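Student: Spelled out, the chains give:
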Amino acid sequence: MSSTIVIPYQAEAHPLTGVTSGKLGIWIFLASEIMLFGALFSSYVLLRVGTGAEYWPSGVEAGLNVPIGTVNTLILITSSVTMVMSWASLKMDKFAAFKFYLGATIGLGSLFLVVKGFEYSAKFSHHIYPAVGWPEATDPSTFFGLYFTLTGLHALHILLGVLVNLWLLVYGAELWKTERVRFEGRIEISGLYWHFVDLVWIFLFPVLYLL
Amino acid sequence: MSEAHAELGFLRKYVFSTDHKVIGIQYGITALVFLFFGFCLMMMMRWQLAYPGEPIPLVGGLLGETMVDRGAMLPNFYNQLGAMHGTIMVFMGIVPLAVGAFGNYVVPLQIGAPDMAFPRLNMASYQAFVVGGVVMLVSFLLPGGAASSGWTSYAPLAVFATSGQTFWLLGMLFLIASSLLGGINFIVTIIHLRADGLTFFRLPFFVWSQLVTAFLLVLAFPALQAAAILQAMDRLAGTSFFLPSGLVVGGSAVAAAGGGSPLLWQHLFWFLAHPEVYVLILPGMGIVAEVIAVNTRKPLWGYKPMVYSLLFLGFLSFGVWAHHMYMTGMGTTMSTFFQITTMIISIPSVIILTCLVISLWGASIRFPVPMLFALAFLPMFGIGGLTGLPLGLAAPDAFLHDSYYVIGHFHYVVAPGTIFAMFAGIYHWWPKATGRHMNETLGRIHFWFSFLFMNGIFMPMMFEGMAGVSRRLFDPTIYTHAEAAHGLTIMTSWSAWGLALAQIPFVINFFWSMRKEERAEENPWQATTLEWATPTPPPHGNFVETPVVYRGPYEYSVPGAERDFSPQFVKQGG
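Chain order of the listed sequences is R and S.
Take 894 as the starting number for the first sequence in my numbering and just add one per residue.
Take 45 as the starting number for the second sequence in my numbering and just add one per residue.
Honestly, I wouldn't trust all of these hints.
Claimed, not checked - One side of the interface only, derived from the structure: several residues of chain S facing chain R at Cβ under 8 Å:
1. F162
2. I231
3. Q269
4. T283
5. G303
6. P581
7. H584
8. V588
9. V592
In case anyone wonders, no lab produced these hints; they're calculated from the structure.
Predicted model only: the values in this text are computed from it and were never measured.
By construction, the Cβ of each residue, glycine as well, lies at the ideal position given by its N, Cα and C atoms.
Extracted from the complex, chain R is given alone in its bound form (with noise of 0.2 Å):
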């Protein structure tokens, strides 16, 4: 690498904050991901309710899976209990079982994808996009563009996810011998990025398929 310097704090916690430089920085980044978020949500609201909408189709109404969405749900929070398993293993010193979880959470993430992907080529088979929408709507585009953004940047976000969680089980066991504490630290970081994302979940099932 480039040069002799070192800096502090990338494993050890610092005295103010009590977290590694590392955690801090996600924190922000999550802080800044609740304002994407929190404005898409934002915009589902006043465009379901400043736009004098006559007609607004419930999930249900709108054709929208329950039980799928459910399964789904239950999946990425399952992921998440996998994702804390992997990085308590770490810290009890359990390599395998680390690796098992870490597996786990990549597996369940995956399969979340997979799911989406058959609800969104179910939608698409009956000629659903994001322009068309429910069909006997007089207003009718808005709800499934915003189903298709607020998921597809989600599922984004999921896909993100898998990639980094996948680079940590593949090449992080080469950092896990030489600097284990930081090691420890990006698997924590990543966890807690991968619970921001199925939280984000939480909220985005209830206000697209129920309400």
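Following the hints, put chain S in place on chain R, whose structure we already have.
Tutor: This is chain S only, laid out in the frame that chain R set:
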């Protein structure tokens, strides 16, 4: 982490560097180039405004046939220039210069850190900025040209614009990503990497300004990110987030489903763009505070009230965005709320400015070039701020909205305001960054002519606006009411070209001083803050010995001290 210190290749040292100082200089040079490019766009517009329909001199023959007709500007090209001038100046010029360049170069030095908290993330920020900038620039080469719906990209106009608008949205996503990563990096760096003894209330005011700016970037930009995603969906996937029902464009009904809200775009856009105004001005205030403290040889008057004002400004800047929208019909209740918050937010700005002015009181002031720019900042920013008050109230805004008065107002804040602060910063930190002084004579020529022409550009705009001339006119001579003000338009245009000539001494100075000017020692201004404790220019890793801080940032002329400055990093008082 502790490999041998190897000599780096050219690419790793200057192009893909993780050193905050190299990245800062990369940001600075790129931003200055973008600023010049945006200025060139504006100079072409000024020709069309002063002499409509006449062939543009020098460049008229070089432009394509979609842009000019026999050398004279076409209306659509004028719109592209207007939209891209604003976009380039704000997002690719001032922000990267104020935050990317000065923040990167100076903040780690002033807090006594070896580098930023995340050096590779820092490099990624710069690269995302360059990609976003390139996407914006190449959009001029598209068949329909660049974005042409104003820098605000209001819907539904922008939804029906040519593909240049899609490039604008894409470029903006990269610029936003760059600012977000940069903002996170600054916050963590300032909170975690302060030297021993450097408590928060010993931080130089410039560091405070960068900290607040970073929070604004991190929390405000996502709103535009969301808006850009929604507008991209409207343009590419056929949704109607910003298209109302029953929309008629050019006499025929639009095929879109409707049900959307054009006002939603404005709310999301200004939720970013008002805090963005403070992103543009706060680092400038920080630089001016540093330069004034050094050259008055006095502590800043009211350092703590200034810091509290800064924090309050940052907080409240999230609650004033709809004062840009009084004329949209959003309702008087909304207007009342935002008038009140807007009047309140002027108070902390005035406190900061007043403290800076009072700091001059009773001082034996030195007048090197950076101090000239810093002193000019005070009245220029003052004019910019005060002319904003009528715009912040809905009743006078009804007359002034979308007129040249608005253009004059915000340019006074950003051009002779922030850009003068940026020049002050360049002249002030140049000896530290390059190891050589800058030529004083050329600097003075640069300052006085810039000062003259800046006012020659923006003061006439105020009068034009009050005479009722709208902004964004392609040909002001076809409107009877604007005829009387045409002399002012011509004056503005010639001042703009004069301002371009006034930058020539700066460019000469830039290259001359890098090689020929006399060498600077470690602390040429006899300043107190930590960046002057490093060798000149600072090596990779910055400090020879890890610095320890013993006192506040501006201990000048301490009674009983040997010298008139007591640096933060020296144990015994001077």
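Student: If a hint holds in the structure, say so; if it does not, say that too.
Tutor: Outcome of the hint check:
1. Because the beta carbon of F162(S) sits about 7 Å from the nearest beta carbon in chain R, less than 8 Å, this interface hint is met.
2. Below 8 Å, beta-carbon pairs count as interface contacts, and I231(S) has one with chain R at about 5 Å; its hint therefore holds.
3. For Q269(S), the suggested interface contact is upheld, since its CB lies about 6 Å from the closest CB of chain R, less than 8 Å.
4. Interface restraint check: T283(S) against chain R, minimum CB-CB distance 3 Å, threshold 8 Å, status holds.
5. Using the Cβ-Cβ criterion of 8 Å, the hint placing G303(S) at the interface with chain R is satisfied: the shortest such distance is roughly 4 Å.
6. The beta carbon of P581(S) comes no nearer than 16 Å to any beta carbon in chain R, farther than 8 Å, and the hint placing it at the interface is violated.
7. A cut of 8 Å between beta carbons decides the hint on H584(S): the least distance to chain R is about 5 Å, and the hint holds.
8. With 8 Å as the threshold, the beta carbon of V588(S) stays out of range of chain R, its nearest partner Cβ sitting at about 12 Å, so the hint is violated.
9. The interface hint given for V592(S) is violated, since its Cβ lies 14 Å from the closest Cβ of chain R, which is over the 8 Å cut-off.
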